[in-house]
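Novice: Spelled out, the chains give:
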Amino acid sequence: MDTVNFKRKINIAWLFKMALRDSRRNRGRLLLFISSIVFGIGALVAIYSFRYNIQNDVNDQAATLIGADLTISGNKQPDAKLQKLLNSLGDDRSEERSFPSMVYFTKSQSTRLVQVKALHGNFPYYGDLETTPVKAGRDFKKGKYALVDKTLMLQFNANVNDSIKVGQEIFVIAGVLNKAPGQTGLSASIAPTVYIPMQYLDKTGLITTGSRINYSYYYKYNSKTNIAKLVKGLDPTLDKAGLNYDTVEGKKEGTSRSFSDLSRFLSLVGFIALLLGCVGVASAINIYIREKIQSIAIMRCMGVKASEAFLIYLIQITGIGLIGSVAGAILGTGIQHLLPLVLEDFLPITISVNISWMAIWQGILLGLIISILFALLPLISIRNISPLNTLRLSVDDTTTIRDPFRWLVYVLVLLFITSFAYLQIGDWMAAGFFTIGIMVAFLILTAIAWLLIRFTRLLVMSSWSYIWRQGFANLYRPNNQTIILTVSIGLSTAFIATLFLIQQLLISQVTLSAGDNQSNMILFDIQAAQQKAVADLTRKQGLPVLSQVPIITMRLEKVNGKTAADAKKDTALHISQRAFTYEYRVTYRDSLTPSERVTSGTWTGKAEPGKDIPVSAEERFANRINAKVGDKLVFNVQGVMMQAYISSIRKVNWNKISTNFQVVFPTGVLEDAPQIHVLLTHVPSNTVSAKYQQAVVKQFPNVSIIDLGLILNVLDELLGKIGYVIKFMSGFSIITGIIVLISSVRISKYQRIQESVLLRTLGGSRKQIFAITALEYLFLGALSALTGIVIAIGSSWLLAKYTFDMPYAVNFLPVIVIFFTITSLTVIIGLLNSRGVLNKPPLEILRSNS
Amino acid sequence: MLNKFRILAVLALTITVAGCGSQSTSNDTSEKAETKEATAANKNILVFGDSLTAGYGLDDASESYPSVLQTKIDSAKLPYTIINGGLSGETSAGGKSRIDWLLKQHIDVFVLELGANDGLRGIPVKETEQNLQTIIDRVKSKYPNAKLVMLGMQVPPNMGDDYVSDFRDMFPKLAAKNNMTLVPFLLQGVGGVRALNQKDGIHPTAEGAKILANNVWQELKGLL
Amino acid sequence: METILNISNLNKTYKSAGRLLTVLDNINFNISEGSTNAIVGPSGSGKTTLLGLCAGLDSATAGIVELNGISLSNLSEDKRAQVRNQYVGFIFQSFQLLPTLTALENVMVPLELRGEKNIKARSLDLLDKVGLADRGHHYPAQLSGGEQQRVSLARAFSNSPKILFADEPTGNLDAETSEKVVKLIFDLNREAGTTLVLVTHDLELAAKTHRIIRIKGGKLVADDKTSNE
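Protein chains in written order, with the working numbering: chain A, 1 to 850; chain B, 1001 to 1224; chain C, 2001 to 2229.
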């Protein structure tokens, strides 16, 4: 008698052969499964490519903020030793001396304070001195030429080729200066800029003892140099010499948090793209394996070992995953190349379209990992498929047996998501929270689906019409798709809605001065007597008076009876020393502004004569002096002591250009105190700005004007770009989400075919089957979308609060639109799924799907 | 929080910076300001000025030049109290609106130190001159017997020759016109000297403030 | 004659809705090598469960199943799978061909699993025997029911099994096709000297075997030799 060789070796080649054979038949169906991988990975690759390209673009743009890799400046002439150091830095360097001076416009015979900048070298290295005519920006250094700020030209009716007198030298105006890198500093805006070549500086006679000159050195590095490390090494030397430095990174941080918001948002988008890919792949593979149960049972009958069956499908899934990922990478790269071409006319920005191999490899690798990882769960259940399934017996569902390996897979999935989140965010803690959040969302959706199954069973009443009963019964009957569809639709919706909500919040953060109601010009030092006249003049010029506030300078004398000396002696009081040395700019008014909110106490708009004055303290100020509502303060208003108490504590939104104050007095006490007024207005253009400034300066020479237009223009452009990128990326991801959603619903096609065919065979009318299917998908779609949106609102709130650190608000209208879109999409795809059943003879379908 | 749109905080800056800056000044005016009910035996000297008077950037309020003057007065056992009427960033126009508030208290000697911020902002000299004249007129009409002192200022040469000379000449002109005692240049010996100025190159250090006080004392002591 | 299948004291119970359901109750019989046997009984009598246990597709609650001298009760599912691959052939009511494999490939699978040689030629030979030599490259969906069952017959014999289990082999076929298939089963069986165990409620089919085992309510109620000996 022959014996059984139990030690039969696994024949890997044969496993590959089987995996390949098994994939051959019904390629169309396989394509559907692959498609969700393709779209998931396509989105991932496209988003990553965009992200890399856009990050480069934005970084390049950011470099124009300072125009060089490194800027060193100070108000002291460097000594020989320092000069040697300064000359040793960079691959190319430029020098600049800047100082305020009264410049004489020969044609209009008038004088004006300007910021003279004497330049030597090729600065700017990033961006240009944007001039009219264009070449003046480079050429002016060749002779005794000057570049004059646009507003200045307009203000004095000057033209190119007119001349100006700087000190004792006369320069010909070579061009109008429209924009210059590094012009975003405040100093630039106090006085308009005039550029002259440095070789003529000495001849102006303005540089002598007592002159106040700012020395700047601009450096360019050709090779990638770690500037951060470099300046860290230089810092002590520079600090000792009283020199400041500026780097692109530093400028980015300082100028706007939009940069960090953008990179955070891009990380979020990348992360969500991946998760969408996961949802698509996981739901596709889950259903795919379910359909393979019978085949696996047959193989088991023939003597295929559980491990072999597992391996056959693991090989197959890996192959599918690889093909899908490569196809996805190609698709993604294609999209990334095509889209800007198609949208060229609509794009306010140019997005470079370099092939990002990094993104492609990342996409393929991730696609493979996701495919295998998310296939593992259904795959390990293959090991439990009983060969008994081949017999006519309805075997109890062995796949639901709790396999200890499931937990291993769960752990692997969580580990993968966490480490991916870490790669995106760079913070284990945050990555952990992200993963927990996704787990919670997943559990909520599963729970909802489970409850749905439980409750519809109880809910369905015999009194209902057949169609309703059948439609609802589909949700809980065996072989239902409730859990998988609820989870995949719900998660997709949650991701889409989260992106959408965050995008809206970010966009509202980056719109700065775009609106007409945002102030971009500030007039200060308006004397009390001039207040009305200045406002009238502003209105007469057709400009809005956005805000006009009195400002009184005062000092804090005592906090709850404690003076500066007390605070110094007793640190336990926790009153900042500086709180007493600070000159407070205080206003008085009878109401709160829209950018303020009282967090404790009550706002009092009017002081009662003879009593302590109720003032409102800004939150951080209150913290600094360690005071709470009801605490007594004594202010020294230029020689007059005023007894006050904190009646309210305010939270101020500093994100708006408006006048915000640490301390606000009520009306009725400060009206007679020495005060200046500040007026905010919005000027639509440089021409208007120049005309207005001219009028103000003429009538009120003491009034100083700061035109934020220039600063805001550069920033606006940048923020506009960032805002656009945010919109574009989220729009792109949302479309991806919808595609993944479509393919996951589409996958459910084969689940209902048998039943629908049966109903048809039994004489069900097209209309009835249509209605049953529509009801099932409507219910699934609506509930999942609703749950997804609720999750999205929660998650976007958390993101806003903890990741982006910005105020939260939900705009419900678009959310409702998302809800209806997703619900109707689900129903439509569901109906499309059963269209084949409705149009073809039942037998044909049964045979083609056997 | 600091890295929020810094640009948005510009307003806060613009209100405070402009010209002389403000950030921190002494708090010593308080006690002096409370001397409103000064008796006849104790006479008041009002030093009306900008950040130079207020002692911008000094660690301790007692280092400002009016405080140094007070110690000189005290050691000379003269019955005068100095009221520090300095306000950082103050221009001549600002001074014009503020003077009434300070003139509520009795003044025996009036020291005028304003104009520097006008100069740094390129305000036409004529305008500054008019404002200063108005301030002097107010003092004269309220306290006709008060003795007047004018502290002269200059702007750095980089502002351009014409402006520099017009500005410099304004002070002696006003002093002569109003019969005031003139300190030709308050920052004499300090302006342009690195070691005596703070990092910004404008505001004197404590050491510099002592020289300022000496410059003023030269002329002031004769009046007391 | 040697015993190829020994069933003694076989019990199978399922837990259903919280109570125990006895499907097979103390079944005993032996099957000798080369014989043809039919297990008959009404629907729900437990005959298919019995077949599943005999073939090692499932494990018994109690009792012994000995196939070719190997006790299946103590073996893991993976080892039983190898026993099946080595000694057992299957024919199912619903054919159970792998839909993604061609007719020829379906026949080849058991041989490939065993890692044998000349697989293709032998499989083609088998297909030829069932009259489907020219349909080898067709997929199951492209074949009629009778053809599919003939392919599954070829597959069942491909590994030269010691014992062939057939579960209602004609259940899904019309009378004429049934007749052809049945003839093939018996012819091939005779030719290969295989033991045949078939489950059916078709008494006419059962009558063609050597022995009829009757099951009712999970109990063996009769075990008769037929006149075919």
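Be aware that a few hints might be false.
As the list claims (entries may be wrong) - No more than 20 angstroms apart at the CA atoms, straight line, and that leaves these computed lysine to any residue pairs for SDA-like:
1) B:K1104 with A:S88
2) A:K179 with A:F16
3) B:K1142 with B:D1161
4) C:K2120 with A:I12
5) A:K532 with A:L543
6) C:K2216 with C:S2008
7) A:K698 with B:Q1130
8) A:K9 with C:I2119
9) C:K2079 with A:G319
10) B:K1104 with A:F819
11) C:K2120 with A:S88
12) A:K540 with A:Q768
13) B:K1147 with B:R1194
14) C:K2225 with C:F2186
15) A:K17 with C:H2137
16) A:K698 with B:K1104
17) A:K144 with A:V172
18) B:K1104 with A:M641
19) A:K632 with A:G561
20) C:K2117 with C:P2099
21) C:K2079 with A:P78
22) A:K76 with B:K1126
23) C:K2117 with A:W14
24) A:K240 with A:I12
25) C:K2216 with C:S2071
26) A:K76 with B:N1197
27) A:K17 with C:G2044
28) C:K2216 with C:E2033
29) B:K1199 with A:L238
30) A:K84 with A:K179
Just so you know, these hints were derived from the structure itself, not from any lab.
Note that the structure is a prediction, hence the values are computed from the model and not measured.
Novice: Of all the hints given earlier, name the ones this structure violates by number, lowest first.
Specialist: 1, 2, 3, 9, 10, 11, 12, 13, 16, 20, 21, 22, 24, 25, 27, 28 and 30
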